[in-house]
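Protein chains in written order, with the numbering used here: chain U, 49 to 270; chain H, 49 to 270.
Hints are computed from structural coordinates only; laboratory data are not their basis.
A quick note: this is a predicted structure, and the numbers were derived from the prediction, not measured.
Do not rely on the hints blindly, as some may be mistaken.
Identical copies look the same in the list; a pair holds intra-copy or inter-copy alike.
No more than 25 angstroms apart at the CA atoms, straight line, and that leaves these computed lysine-lysine pairs for DSS-like [stated by the list, open to error]: (1) 237 x 94; (2) 115 x 179; (3) 94 x 179; (4) 237 x 105; (5) 179 x 237; (6) 105 x 115; (7) 105 x 179; (8) 115 x 237; (9) 94 x 115; (10) 94 x 105.
Number of protein chains: 2
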Amino acid sequence: MNMAKNNENQTLLPEPTIRRLPWYLSYVRMLDHLHVEYVSSTQISKELNVQSSQIAKDLSFLNIRGKTRIGYEVRSLLVELENFLGFNRQHDAVVIGTGSLGTALMQDHGLEHYGLNIVAGFDVRNEVIGKNLGGLPVFDINELASWQREHHVSIAILTVPVERAQETADLAIASGVTALWNFTPYRIKVPEDVVIANTSIYAHLAIIYNRMQNTYSDNRQG
Amino acid sequence: MNMAKNNENQTLLPEPTIRRLPWYLSYVRMLDHLHVEYVSSTQISKELNVQSSQIAKDLSFLNIRGKTRIGYEVRSLLVELENFLGFNRQHDAVVIGTGSLGTALMQDHGLEHYGLNIVAGFDVRNEVIGKNLGGLPVFDINELASWQREHHVSIAILTVPVERAQETADLAIASGVTALWNFTPYRIKVPEDVVIANTSIYAHLAIIYNRMQNTYSDNRQG
């Protein structure tokens with residue numbers, strides 16, 4: 049079943065599918081580097097440990113069809129995946145909270161290859177306001193609203209201390225941000241029309257500790 | 049139902065529960081800072097947008113019981129959560145791949161409050177080998193096996209380029225590491241007895257982009 053309406057990515061994809069597509073992309077990018085021309089879902093399945101029927105289903109959301117016996121053309125699959133995932137379109141973002149994680153994200157040019165264009169940082173600390181981090185300016189958080197009137201950035205990356213998480217999110221949303229990428233362990237409440245994704249690095253640590261104690265391999269990836 | 053055998057965290061917790069416990073912890077830490085003495089599951093429910101029956105179920109894994117009408121003692125809940133999640137025990141780790149993300153993790157002393165003690169970095173690049181990052185030494189990746197014979201670190205944090213992910217994981221496992229925290233978008237294959245947790249920041253970006261296009265709020269947290 050192909051639920052994709054067009055290649056502009058208008059479909060609300062199931063989250064497990066969205067989680068798997070970047071695995072396919074990273075594998076296909078490697079194949080492309082090695083000048084491999086075709087790849088079958090069986091090959092992807094063997095490499096990534098995902099059932100090939102699942103791969104075929106996931107890829108059915110894309111505007112691409114594999115050829116019998118030959119499989120998918122690597123270059124086309126690469127382009128379709130990047131396009132579908134939005135990695136080849138530029139999405140402007142601000143980092144709020146320029147501590148060590150926020151600074152790392154501002155300096156990590158690898159994110160640009162995934163369509164994320166960080167344009168500025170915001171903070172409350174006088175010692176960083178007015179400075180440059182990774183070539184990007186850091187402004188006073190109190191200037192966010194007025195700054196946004198000119199820049200209309202849609203994504204705010206939250207790397208503030210946990211006790212500031214909700215108020216900072218509220219501030220960002222009031223300034224017109226429509227998506228939050230939350231790196232704090234706090235469960236932020238947002239209005240229905242605001243997108244939120246949580247990168248819960250502390251939850252992942254808890255999972256590691258728990259699984260280590262049980263010497264059990266959790267191969268579910270997430 | 050209380051599946052917890054004791055407070056040494058011997059139970060293989062359901063992953064959704066492990067993901068929620070750090071939210072409770074961050075809220076309870078805030079209450080403790082504010083010198084609040086008791087909190088009910090209704091209060092937690094209202095604050096974190098999780099059903100109170102779910103909260104009671106999640107907390108039943110811990111050695112703590114709420115009192116009727118009063119709720120949970122904040123300080124006890126805090127200690128039990130930290131203990132249960134393993135955040136108050138020290139887990140030694142190495143960072144493999146000291147690029148911008150790896151460096152940020154080595155410099156982020158916040159992780160210590162979650163039981164993660166990074167002791168060294170490893171890299172392939174001559175320009176960083178022998179240097180210090182965040183007060184920690186960076187060694188040649190080829191020295192990992194011999195270094196491990198003395199240090200027996202159990203966790204390897206993988207922040208290498210995606211095309212090095214699998215080989216680096218294999219090397220770390222061969223050196224005696226029993227848990228991998230994978231920050232690459234590659235789906236690493238590991239033996240059954242090795243724990244792996246994936247922090248798929250690229251998948252989270254894809255989710256943000258997809259949800260933004262659909263102006264749909266995905267409040268499922270993860």
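Structure-based check of each hint:
| no. | hint | result |
| --- | --- | --- |
| 1 | 237 x 94 | between (40 angstroms within a copy, 10 angstroms between copies) |
| 2 | 115 x 179 | neither (54 angstroms within a copy, 51 angstroms between copies) |
| 3 | 94 x 179 | neither (48 angstroms within a copy, 39 angstroms between copies) |
| 4 | 237 x 105 | between (33 angstroms within a copy, 22 angstroms between copies) |
| 5 | 179 x 237 | neither (31 angstroms within a copy, 42 angstroms between copies) |
| 6 | 105 x 115 | within (15 angstroms within a copy, 49 angstroms between copies) |
| 7 | 105 x 179 | neither (48 angstroms within a copy, 47 angstroms between copies) |
| 8 | 115 x 237 | neither (46 angstroms within a copy, 28 angstroms between copies) |
| 9 | 94 x 115 | within (18 angstroms within a copy, 52 angstroms between copies) |
| 10 | 94 x 105 | within (16 angstroms within a copy, 38 angstroms between copies) |
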